[in-house]
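With chain R's structure known, arrange chain L on it following the hints.
These protein sequence lines are chains R and L, in that order.
Position 218 of the first sequence, counting from 1, maps to 225 under our numbering, and the rest follow consecutively.
Position 37 of the second sequence, counting from 1, maps to 69 under our numbering, and the rest follow consecutively.
Where hints are given, some of them may not hold.
Claimed, not checked - For each label pair, taking beta carbons as the anchor points, the in silico distance ranges come out as:
| id | chain 1 | residue 1 | chain 2 | residue 2 | range |
| --- | --- | --- | --- | --- | --- |
| 1 | R | Arg171 | L | Phe83 | 19 to 25 Å |
| 2 | R | Phe101 | L | Gln184 | 37 to 43 Å |
| 3 | L | Phe189 | R | Phe122 | 30 to 36 Å |
| 4 | L | Gln184 | R | Arg171 | 45 to 51 Å |
| 5 | R | Asn277 | L | Val126 | 33 to 39 Å |
| 6 | L | Glu231 | R | Leu74 | 44 to 50 Å |
| 7 | L | Ala94 | R | Lys108 | 43 to 49 Å |
| 8 | L | Ala94 | R | Leu312 | 44 to 50 Å |
| 9 | L | Pro226 | R | Leu312 | 35 to 41 Å |
Unchecked claim - Away from chain R, derived, C-beta distances all over 12 Å, residues of chain L:
| id | residue |
| --- | --- |
| 10 | Thr104 |
| 11 | Val109 |
| 12 | Asp116 |
| 13 | Arg119 |
| 14 | Leu138 |
| 15 | Gln184 |
| 16 | Phe189 |
| 17 | Ser190 |
| 18 | Ala260 |
Calculated from the structure, these hints are not laboratory results.
Glycine is no exception: its CB is placed at the ideal position from the N, C-alpha and C atoms.
These are the residues of each chain, in order.
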Amino acid sequence: MSSPDLPLAAPQTAHPAPSAGSHESSGKNQRVRRLTGRDRLVVVLMVAIPTVVVVGLIWLPAIASVLLSFTDWNGVGSLADAKVIGLQNYTDVFTIYPPFKPAVEHNLLWLVVMFVVATPLGILFAVLIDKELKGSRFYQTALYLPVVLSLALIGFIWQLMYSRDQGLINAVLGTQVDFYGDPRWNIWAALFATCWRQVGYVMLLYLAGLKGVDASLKEAAQMDGANQVQTFFRIVFPVMRPINIIVLVITVIESLRAFDLVWIINQGRNGLELLATLVTANIVGEASRIGFGSALATIMLLISLVFISIYLTVVMREDER
Amino acid sequence: MSSSTIGGVGRRQAGAVPSAPRRTPPARVVLYVFLIVSSVLWLFPLLWAVFNSFRDYQYTQANGYASFGGFTFDNYVNAWEQGDFGRHFLNSVVITVPAVVLALLLASMVAFVVARFSFKFNLALLGLFTAANLLPPQALLIPLYRLFRAVQVPYWFSYSGSLLDSYWALIIVNTAFQTGFCAFVLSNYMKTLPYELYEAAQVDGLSVLRQWWQITLPLCRPALAALAVLEITWIYNEFFWATVLLQTGDKFPITSSLNNLKGQFFTDYNLLSAGSVLVALPVLVVFFALQKQFVSGLTLGATKG
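Bound-form chain R, shown alone:
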């Protein structure tokens, strides 16, 4: 195991993290047992109150979505009238629901573009800024300024670039492309604007990672005759494995959750279908097909749970060290 401690979270050096491993829990549990009754009640409440909030408002609804996905409930009338229809909703999603296929394709495209364009660009900027050249702070601030803005607002700001009649791009090129309206273009327009924000975010994470890489490692590699590119790919990048995995998981989850920008543009229709907008449209819109919408929601849930598990495994393992 060669990965060093990285500033994924607070530095772990000050004190060995109290691990939950059963082999050493006996000693500390004795300390717990020494607590007075009142203290023990406080500990229980301190765990119970937040847990009730998070379980009640996030986990139980998530489970309820899964359960509803097996019913034909349309939201009208009582839940007791809903019939269990097995996997019918899922069959419908895959067979007779036209927007599903484009939505999956768009989500995948989103993921690919974030990986192939935004992530490498973010890493490149991080590596360059890490050299601490003159004006580093300016470059850094400029590049991550969009991270502060909401994606909804980014949709509006880019409208000034994209608009057919009044946008800058068309004015400069002398074209008449309706970037947000034309289904051939709008997904790319949305992706471009999202990348604008994502690059700064990836850059920030890698900058933090790079600061944690032992300088002597790089020196050693270079003394062995590796050039900078080799040093980065063979030494620095592998050593930053935890950051890499975190960026990977965040990218997947953010791509899956992509919603705001597309909803601002046209509520996810006409070339901008995404899983998140399909779920929303099926529930909030006119035709509230709850069972069906829940099936879509469950599909999203399952995909994200896979990556959340990967993420947790990685960060918790870091944690135990």
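Same frame as chain R, now just chain L:
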């Protein structure tokens, strides 16, 4: 770009360009140009919005947007009035402040127990919280929507008579979602506090509640500050829940009210620019004032909900 010092080591390496001259190597010039050009390009959409927000609609109609002149403040006045920005900003404050405070409070409680005591379920508990923050909100939409609609409350509590279409719904949802992230970051931070501190406190007979409130929280001030800044921007920027859980237009926080305003602003891009700048301004002010906290907050947890 391959002949520069790395990480302040101060040793010039012979890299892909073997004989790098000592003063302003060409590779370094290329690097500077690249970074400057990128930074300016990156800032451009924002600067363009600011630039056009100060220009007169008639002027840009006559001369095109790629022109210079026609400066005015009127767009800001009009955007503020037509968009009812005063009310929407207030809505954002009413939702954001309690949600941030509650999320930090709840998270610090869980984090404290996880970091202070060693139970078998510690990791599982932390996982439960952290994972909650990463779930797609759409996956919980239906049950939460129905739940909020079903909860009847007195009219003095919410004008809609239920939690749906009330500020409470947004405060609760944002709190629940962000508690996970904060708990994860705070527990990591708290684990770095020396355990002897608590042993001493225990010997002095300090109750668990006071160990949390009087010892742990003050020591966590840097992490709490960083999280507060980050959470303020996230909850202020939150769009999805506000869009689906609110139905009355004048309750929308500023970020999601933008969508309501689209119609009015659609034809007048100078007005749209002014509106966008106004909405961006609070987060930009927070960001520039507390940049360090913002960045350290992001990298403290290295994840985003």
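Distal placement of Thr104/L relative to chain R, Cβ over 12 Å: 17 Å, holds
Consistency of beta-carbon spacing, Phe122/R to Phe189/L, with hint 30 to 36 Å: Since the Cβ atoms of Phe189/L and Phe122/R sit about 46 Å apart, the hinted range of 30 to 36 Å is violated.
Assessment of proposed distance window 44 to 50 Å (beta carbons of Glu231/L, Leu74/R): 47 Å, holds
Exclusion check [Arg119/L not at the chain R interface, CB over 12 Å]: With a cut-off of 12 Å, Arg119/L remains clear of chain R, as the shortest Cβ separation is near 18 Å.
Outcome of range test on Cβ distance (Gln184/L, Arg171/R; 45 to 51 Å): Check passed, 48 Å falls within 45 to 51 Å.
Pairwise beta carbon distance, Pro226/L to Leu312/R, judged against the given window 35 to 41 Å: This hint holds: roughly 36 Å between Cβ atoms.
Val126/L and Asn277/R - C-beta distance against the hinted 33 to 39 Å: 35 Å, holds
37 to 43 Å as the expected CB spacing between Gln184/L and Phe101/R, which holds or is violated: Given about 39 Å between the Cβ atoms, the range holds.
Supplied distance hint 19 to 25 Å, evaluated on CB atoms of Arg171/R and Phe83/L: Since Arg171/R and Phe83/L have Cβ atoms about 20 Å apart, the given range 19 to 25 Å holds.
Outcome for the supplied range 44 to 50 Å, where the beta carbon pair is Ala94/L and Leu312/R: The hinted range 44 to 50 Å is violated for Ala94/L and Leu312/R, with Cβ atoms some 56 Å apart.
Status of Gln184/L, Cβ more than 12 Å from any chain R Cβ: Holds: least Cβ distance 16 Å, greater than 12 Å.
Closest CB of chain R to the CB of Asp116/L still more than 12 Å away: Since the minimum Cβ distance to chain R is about 17 Å, Asp116/L lies beyond 12 Å and the statement holds.
Checked against the numbered hints above, the structure breaks hints 3, 8, 14 and satisfies the rest.
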